[in-house]
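Spelled out from the first residue to the last, the chains are:
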Amino acid sequence: MVRIKEYRMKSESIKKFLYILPFMGLLATFAYYPLYGWVYAFFDYTPPTPLSQSTYVGFKWFRSLVENQVKIDQLLQVIKNTFGMSGLGLLFSWLPMIFAIFLNEIKALRFRKFVQTVTTLPNFISWVLVYSLAFSMLSSEGIINGLLNQLGLIDSPILFLQDSEHVWITMWGWSIWKTLGWSAILYIAAIMSIDESLYEAARVDGATRMQVIWHVILPSLMSTYFVLLMLQIASFLNNGLEQYFVFQNAFNKENIQVLDLYVYNQAMGGGSYSVSVAISMLKSLVSVVLLFSVNGLSKMIRGESVV
Amino acid sequence: MSDKAAGLAANTVNNYKKHSSITDILISSLIYTLYTLFALICIFPFYSIIINTISANDLSARGDIVFYPQQIHFQNYLDVFKIPGLWNAAVVSLGRTLIGTSLTVGASAFLGFMFSQEDMWGRKFWYRFTIITMFFNAGIIPWYLTMRSLHLTNHFLAYILPTIVAPFFIILVKTFVESTPKELQQAASIDGAGVMTIFFKVILPISKPILATVSIFAAVDQWNSFQDTLLLVTDSKLYSLQFILYNYINQASSLSTMVNLQNAGSTAMATLATKQTTTSIRMTVTIIVVAPILLVYPIFQRFFVKGIMIGAVKG
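Those protein sequence lines, which keep their order, are chains A and B.
The C-terminal residue of the first sequence carries number 312 in this note's numbering, and the numbering is unbroken.
The C-terminal residue of the second sequence carries number 303 in this note's numbering, and the numbering is unbroken.
A hint or two may mislead.
Stated by the list, open to error - Here are some chain A residues pointing at chain B (derived, C-beta under 8 Å):
hint, residue
1, Q82
2, I84
3, F88
Said to hold, decoys possible - Covered, in the sense of this in silico footprint (three residues per stretch, anywhere, with C-beta under 8 Å from a C-beta of chain B), are these stretches of chain A:
hint, stretch
4, 23 to 36
5, 60 to 74
6, 301 to 309
To be verified - Each computed DSSO-like pair below joins lysine-lysine, with the alpha-carbon atoms no more than 30 Å apart:
hint, chain 1, residue 1, chain 2, residue 2
7, B, K170, A, K10
8, B, K70, A, K20
9, A, K20, A, K10
10, A, K304, A, K76
11, A, K288, B, K189
12, A, K258, A, K288
13, B, K196, A, K21
14, B, K294, B, K189
15, B, K170, A, K15
16, B, K112, B, K294
17, A, K20, B, K112
18, B, K170, A, K21
19, A, K288, A, K304
20, B, K170, B, K112
21, B, K294, B, K196
22, A, K65, A, K85
23, A, K10, B, K112
24, B, K189, A, K15
25, B, K196, B, K70
26, B, K225, B, K196
27, A, K85, A, K288
28, A, K10, A, K21
29, B, K294, B, K170
30, A, K20, B, K196
31, A, K20, B, K263
32, B, K70, B, K294
33, B, K189, A, K10
34, A, K304, B, K70
35, A, K65, A, K258
36, A, K112, B, K189
37, B, K196, B, K170
38, B, K112, B, K225
39, A, K118, B, K196
40, A, K21, B, K225
It is worth saying that the hints were derived from the structure and are not from the lab.
All C-beta atoms, glycine included, are put in the ideal place defined by N, C-alpha and C.
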């Protein structure tokens, strides 16, 4: 009797797995199978010659990354850009939290809703659209230059988009513009779930507004902040391609190329697939190490894993 | 209730001692000023492009239209749709959004539900197998080579298949399902319902709020997608609107000549004000691409703020 029941449970549990099997297949195909593509990094691969006819070259491409000063300098610049832009993001990772805290302080309900609605909107448009907006506003015949010209502040247009020197900051600015309101939602959710009695206690003690923020709200948000910070550190090398791809031009190329964009430009622009694969392979490996270190760190400090 | 729907904490307002000290007033006015400024920075670009597309093209090309439209006309919208390929791209974008979204939402609902089934064989492993792909991937070049070896380059399915299993949406649904009372599923199970029946008859109907959220996210992702066209598509029949827009930003000058040539015969009255310029084409296409989001956004905003919170608070 017991055995039959056990058998039934077992078959039921396998049956449930069979339902999700096709989806796991999709995942295996589109997320795991591409890992096989890493072998290209070890071959002398130039399309359209198939891999089977390419020569195995071992770690040649990895060595080639550092074989002469020019290449080292180029790679260092790319790494510097990646670190610079991710670093700026990390440095200001508390902004959404502050944004949420002070949004919560606004007592006029309509205004608060309006701000939240409007600042969340940019998150839903693509980087191409952001670029198009940026172009319309900031290009030489754009609206800002038109305005400055009308006011007689400038004689010749300011070339905002060709600027290479401040590109880290402008790129950071655009991503803040796009994501600040949206990222704040998580913190607003966390503020909502703060225990009412904490406010009561603060009120009884006669706390001022800033004291409530400092002693009640901020500490309650720290765990959310910590989790998000860890995730951000784990994806330090993955700044993504789209933003930098659409904003890149001949003038700012040196300072805008992050690893993802560099990999793309090398392969699609320069045709050097093998080098690109070698770089993205290194990048993925570092990312995994980062993810697991961060996870371990979180377990050690908070006794809870992030992922 | 409406307050909560907008994602705001009603309980914290007016909870302070009623100080109206100088600092308090200072803080308040600072907060109001900063938030007003940021809100304006967020919407002004949209507003400004819209008024530029309906103003006289010669004025807008000079950057003269800043705060309000002048000499309103709608010729730009009529002309831009004459550009070959634009209708086609609109159909491609719409198609991938509709088909892709339904499949993604269906799969997310089902997988989110299945991963909440504690007795599933290898549940923990398969869940991690799914979630880890959010953080780790082979890189775009191996991905591109894979898609090529699967013959998915220049294929409509390349837009759909890779997006079906979406870890983030699965987490959202799973969290939601786990927050619903277990008794619902147990009761159905005792009545003899199998997994599929429970999914369709019990879970789907109660999961509407989270599914609405997932739908809008998935749809926005599909509509906004640019990278896959960039990497995988060379056949102009499969270009998406985003891709066309990107091209137009870079080469709109030749397009304006083309549109003007096409119009030269038919409308002799094409004046300076309605004659297409580089700027007018670029801005008009931008508005066409962003319009669906601007239209849908206010309707669904309440929904997804609530939805993301369900996922966030518990997850």
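Verification of the hints:
no.: 1; hint: Q82; verdict: violated, 20 Å
no.: 2; hint: I84; verdict: violated, 16 Å
no.: 3; hint: F88; verdict: violated, 19 Å
no.: 4; hint: 23 to 36; verdict: holds (count 9)
no.: 5; hint: 60 to 74; verdict: violated (count 0)
no.: 6; hint: 301 to 309; verdict: violated (count 0)
no.: 7; hint: B:K170 / A:K10; verdict: holds, 22 Å
no.: 8; hint: B:K70 / A:K20; verdict: violated, 54 Å
no.: 9; hint: A:K20 / A:K10; verdict: holds, 15 Å
no.: 10; hint: A:K304 / A:K76; verdict: violated, 39 Å
no.: 11; hint: A:K288 / B:K189; verdict: violated, 45 Å
no.: 12; hint: A:K258 / A:K288; verdict: holds, 20 Å
no.: 13; hint: B:K196 / A:K21; verdict: holds, 23 Å
no.: 14; hint: B:K294 / B:K189; verdict: holds, 24 Å
no.: 15; hint: B:K170 / A:K15; verdict: holds, 21 Å
no.: 16; hint: B:K112 / B:K294; verdict: holds, 28 Å
no.: 17; hint: A:K20 / B:K112; verdict: holds, 16 Å
no.: 18; hint: B:K170 / A:K21; verdict: holds, 18 Å
no.: 19; hint: A:K288 / A:K304; verdict: holds, 24 Å
no.: 20; hint: B:K170 / B:K112; verdict: holds, 19 Å
no.: 21; hint: B:K294 / B:K196; verdict: holds, 12 Å
no.: 22; hint: A:K65 / A:K85; verdict: holds, 24 Å
no.: 23; hint: A:K10 / B:K112; verdict: holds, 23 Å
no.: 24; hint: B:K189 / A:K15; verdict: holds, 24 Å
no.: 25; hint: B:K196 / B:K70; verdict: violated, 40 Å
no.: 26; hint: B:K225 / B:K196; verdict: violated, 36 Å
no.: 27; hint: A:K85 / A:K288; verdict: holds, 14 Å
no.: 28; hint: A:K10 / A:K21; verdict: holds, 17 Å
no.: 29; hint: B:K294 / B:K170; verdict: holds, 22 Å
no.: 30; hint: A:K20 / B:K196; verdict: holds, 26 Å
no.: 31; hint: A:K20 / B:K263; verdict: violated, 65 Å
no.: 32; hint: B:K70 / B:K294; verdict: violated, 41 Å
no.: 33; hint: B:K189 / A:K10; verdict: holds, 26 Å
no.: 34; hint: A:K304 / B:K70; verdict: violated, 59 Å
no.: 35; hint: A:K65 / A:K258; verdict: holds, 27 Å
no.: 36; hint: A:K112 / B:K189; verdict: violated, 43 Å
no.: 37; hint: B:K196 / B:K170; verdict: holds, 17 Å
no.: 38; hint: B:K112 / B:K225; verdict: violated, 43 Å
no.: 39; hint: A:K118 / B:K196; verdict: holds, 24 Å
no.: 40; hint: A:K21 / B:K225; verdict: violated, 41 Å
Going down the numbered hints, you'll see the structure goes against 1, 2, 3, 5, 6, 8, 10, 11, 25, 26, 31, 32, 34, 36, 38, 40, while the others check out.
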